[in-house]
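**Q** Single-letter residue listing:
Number of protein chains: 2
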Amino acid sequence: MQTKTNDIRDIFLAGATDAVTATLAAEHPADLADALQTLDPPAAWTTLAHAPVARQADIFGYLDHEFQMLLATVMPRTDLAAIVMEMNADDRADLYKELSDQQRKALMPALAQAEREDIRRLASYDEGTAGAIMTSDYAALPPDLSATKALTMLRREAPDKETIYRTYVIDAERRLLGSVRLQDLITAPAQARVADIMEINTHAIRVDDDVEAAARKIAHYDVIALPVVDTDGRLVGIITHDDALDVMEAEATEDFHRVGTVTRLEAGVGTASIPMLYRARIAWLMVLVFGNIFSGAGIAYFEDTIAAHLALMFFLPILIASGGNAGSQSATLMVRALATGEIGVSDWGRVLGRELVVAILLGLSMAAAIAIIGVVRGGPEIALVISLSMVLIVIVGSLIGMLLPFLLSKLNMDPATASTPLVTSIADATGVLIYFSIANVILTMP
Amino acid sequence: MQTKTNDIRDIFLAGATDAVTATLAAEHPADLADALQTLDPPAAWTTLAHAPVARQADIFGYLDHEFQMLLATVMPRTDLAAIVMEMNADDRADLYKELSDQQRKALMPALAQAEREDIRRLASYDEGTAGAIMTSDYAALPPDLSATKALTMLRREAPDKETIYRTYVIDAERRLLGSVRLQDLITAPAQARVADIMEINTHAIRVDDDVEAAARKIAHYDVIALPVVDTDGRLVGIITHDDALDVMEAEATEDFHRVGTVTRLEAGVGTASIPMLYRARIAWLMVLVFGNIFSGAGIAYFEDTIAAHLALMFFLPILIASGGNAGSQSATLMVRALATGEIGVSDWGRVLGRELVVAILLGLSMAAAIAIIGVVRGGPEIALVISLSMVLIVIVGSLIGMLLPFLLSKLNMDPATASTPLVTSIADATGVLIYFSIANVILTMP
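Keeping their order, the protein sequence lines are chains A and B.
Under the numbering used here, the first sequence has 3 at position 3, and the numbering climbs by one with no breaks.
Quick note, the numbering used here runs 446 ahead of the 1-based positions in the second sequence.
Be aware that one or more of the hints could be misleading.
Claimed, not checked - Okay, the calculated bits of chain A under chain B, using three or more residues with CB under 8 Å as the criterion:
no., region
1, 97-109
2, 330-337
3, 363-375
What the hints assert, rightly or not - Computed cross-link-like contacts, SDA-like style, restricted to lysine to any residue with a CA-CA straight-line distance of at most 20 Å:
no., chain 1, residue 1, chain 2, residue 2
4, A, Lys410, B, Gly716
5, A, Lys4, B, Thr648
6, A, Lys4, B, Tyr667
7, A, Lys161, A, Asp137
8, B, Lys607, A, Asp137
9, B, Lys450, A, Ala213
10, A, Lys410, B, Thr449
11, A, Lys149, B, Arg601
12, B, Lys663, A, Ser346
13, A, Lys149, B, Lys663
14, B, Lys450, A, Ala188
15, B, Lys450, A, His203
Simulated from the structure, these hints should not be mistaken for laboratory data.
Given the structure is predicted, the values throughout are model-derived calculations rather than measurements.
From the three backbone atoms N, C-alpha and C, an ideal C-beta is built for every residue, glycine too.
Let the hints inform the model, and build the full structure from the sequences given.
**A** Written out as structure tokens, the structure is:
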């Protein structure tokens with residue numbers, strides 16, 4: 001899609017009015033947004049202004065939040081208000097949340113009363129809840145309407161709704177009764193009532209439910225949208241499949257970064273500033289420095305043993321790295337399985353048993369491999385020390401890597417905090433103690 | 447969703463015919479499949495047999511491939527054939543691919559000719575291509591049909607199609623001309639022709655395109671489905687939004703595992719067998735053992751320096767771990783950004799410059815932190831050695847972590863092969879050399 005962006009960008013940069021207008025009408029808003037974001041904000045606004053306002057709103061909705069903000073500051077306030085009026089309810093509320101107090105004060109009076117209230121309401125839900133990503137552009141029907149009348153109504157409302165493929169059935173108090181697929185409305189006998197053809201089981205989510213849980217529910221049930229209800233069961237919005245996909249992508253990226261000890265990055269790697277990148281990395285690096293002091297202290301403690309048997313040093317990196325590597329593998333498997341919901345916190349006992357067996361097998365295999373090098377480089381006594389150490393270190397490392405994500409989950413922390421470098425640091429320090437303790441016992445035996 | 451599975455499972459286990467039949471009719475097929483998978487295959491089949499065959503097919507489509515296979519071996523062949531006839535075309539082709547030759551031979555004669563050909567065709571596409579996940583259950587229209595007639599046709603076809611929300615417009619040779627949203631068909635004037643209201647820009651994908659690229663295109667354009675065409679532009683299938691979501695989930699898991707040096711796991715962690723888990727982990731652990739021999743050899747090479755200055759050993763774990771940790775962060779950021787398409791292989795130069803600046807800043811910060819400990823534990827000379835080493839090690843580690851994913855991409859390997867443990871191993875060995883070389887120069891100076 002890189003080439004598409006460049007092609008559109010070239011047309012924008014050339015600036016021929018006819019070509020720009022035609023491109024803005026013909027290409028997909030997602031591609032147009034990608035191309036606009038490669039321009040400076042003033043040039044981007046000059047370009048975007050060639051499109052009709054409804055189209056401007058479509059394209060604006062696909063821009064990154066940062067770029068929306070940049071554009072909002074360079075364009076005339078009345079033009080911004082016109083775009084905001086036309087935007088999807090959820091995109092509009094997201095933009096509002098990013099605006100400064102001053103920008104909000106400038107924008108809001110230019111909007112109609114209904115839009116103002118809708119924006120304030122949608123923007124009031126906490127980040128990370130279903131309410132924060134839902135939209136109010138859903139279609140709703142009363143239960144006793146006929147299928148024909150329902151279709152007429154949907155026909156009229158279609159242009160303002162995010163989807164009419166699934167319509168929600170509500171009573172006079174807006175309580176959710178069920179949902180109807182457009183497909184079923186079309187194929188229903190003309191005089192059938194909406195209540196007769198609706199599905200009761202709508203898998204509604206609560207407005208304060210976790211947004212990830214909502215996204216997983218959409219994936220689980222393969223639906224186009226899920227209804228969102230308040231504590232009284234009243235319909236307040238819907239979450240659509242495309243937003244669910246975005247949530248799951250963002251969540252996967254966040255977990256991915258977290259296991260690599262990168263903290264929240266507000267922008268993509270390609271666009272993040274140097275201070276942003278520095279901030280996302282320095283804290284964990286510092287924590288880990290101090291974590292590794294324990295390994296250093298362990299080595300210092302066994303200085304005499306090391307001085308007497310310098311050959312032990314050759315095997316130190318191999319042994320402690322193996323514990324860390326085995327632990328990283330276990331942590332990786334657990335973090336992802338907990339994130340996707342494949343296993344739950346209560347499964348830890350069941351997983352522990354298998355992990356132990358696997359770890360013993362892995363430890364024995366690696367001990368066998370390293371024993372040979374041990375005999376060659378240090379003789380049978382050293383070989384015995386490093387083989388025994390390897391088995392124990394791999395087992396302990398694996399168990400640390402496996403248990404840490406569960407423990408963090410239990411403490412209501414993100415399991416992905418059990419990052420590879422954290423597990424490695426803990427396994428390293430443990431490995432140093434195990435290795436030199438075993439060496440001390442065996443090599444000082446008479 | 448765990449509790450839902452357990453509730454349904456309890457009803458299945460109790461085995462009261464009325465309750466089982468009612469549950470099979472009322473609950474969502476995804477939940478029913480989850481519950482069935484907790485039973486032994488014979489008990490699962492006895493339970494499933496209480497549903498009408500169309501419902502059986504719906505539920506069967508939601509089972510994991512492994513469980514589908516287990517069920518296929520315990521159920522009568524005619525029942526299996528009946529289910530297969532009713533299944534979605536893509537789920538059916540996936541099942542066929544999993545069957546043994548013997549099972550295929552038993553099943554195929556029981557199917558109608560059209561189904562046999564459709565299965566063989568869909569199953570013939572290579573894994574990882576758009577063809578391998580597309581379905582042939584799409585609705586297609588000729589361009590000169592009126593909107594009213596098109597609706598009548600769709601009404602009739604709806605039950606057999608995965609989606610009629612977007613219908614594809616094809617000419618007499620099945621060449622793709624455009625697509626029509628159901629929404630637009632409904633709101634169109636009755637005498638409008640399909641060709642007048644169709645969108646030309648259908649963002650078709652080629653049957654041999656990468657499946658991930660296809661999934662990203664669905665996410666990018668926020669569409670319900672994308673058409674798949676052959677080399678002559680003829681429509682051969684569609685990929686739907688729910689399949690795109692599954693592909694992106696699976697891909698994220700695979701990348702996640704790969705950066706944790708876990709190789710392809712055919713089942714989920716919760717269900718994988720001990721030999722499967724062992725196989726997914728042992729190969730990389732062994733590779734890394736031998737990788738760490740370089741670090742050991744580096745230490746052995748500097749044995750005299752170490753023997754003369756045993757205090758150096760205290761700082762060894764901190765210094766080499768810091769290089770590995772900084773490298774892991776860089777690799778994590780790059781692997782994910784390359785996977786999501788946020789940056790491309792050609793961006794490496796642009797990223798390198800920023801990475802270098804960030805790495806210098808990080809290295810200086812960490813050197814400052816560790817210098818204090820150095821003065822306390824080893825005096826100013828040691829403090830100088832470790833500070834200098836820290837700056838260099840963090841810079842080199844970061845650059846290794848950043849460049850390796852690009853290099854692997856360039857060599858047509860998966861960038862996620864630049865796993866955290868691999869980067870750590872390489873950074874470790876480099877760190878040992880940097881540290882002791884600097885120590886050697888500074889501490890032996892007159």
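**Q** Compare the structure with each hint and give your call.
**A** Going through the hints against the structure:
1. 97-109: violated (count 0)
2. 330-337: Our answer is that it holds, as 7 residues pass the Cβ test (under 8 Å) against chain B, meeting three.
3. 363-375: holds (count 5)
4. Lys410/A - Gly716/B: Status holds; Cα separation ~18 Å.
5. Lys4/A - Thr648/B: holds (15 Å)
6. Lys4/A - Tyr667/B: holds (13 Å)
7. Lys161/A - Asp137/A: Status holds; Cα separation ~5 Å.
8. Lys607/B - Asp137/A: violated (27 Å)
9. Lys450/B - Ala213/A: holds (14 Å)
10. Lys410/A - Thr449/B: holds (18 Å)
11. Lys149/A - Arg601/B: holds (17 Å)
12. Lys663/B - Ser346/A: Violated. Lys663/B to Ser346/A sits at ~37 Å, over the 20 Å cutoff.
13. Lys149/A - Lys663/B: violated (36 Å)
14. Lys450/B - Ala188/A: Violated: Lys450/B and Ala188/A sit about 31 Å apart, past 20 Å.
15. Lys450/B - His203/A: Given that 20 Å is the threshold and the Cα spacing comes to 12 Å, the pair holds.
Of the numbered hints given earlier, the model fails hints 1, 8, 12, 13 and 14; all others are met.
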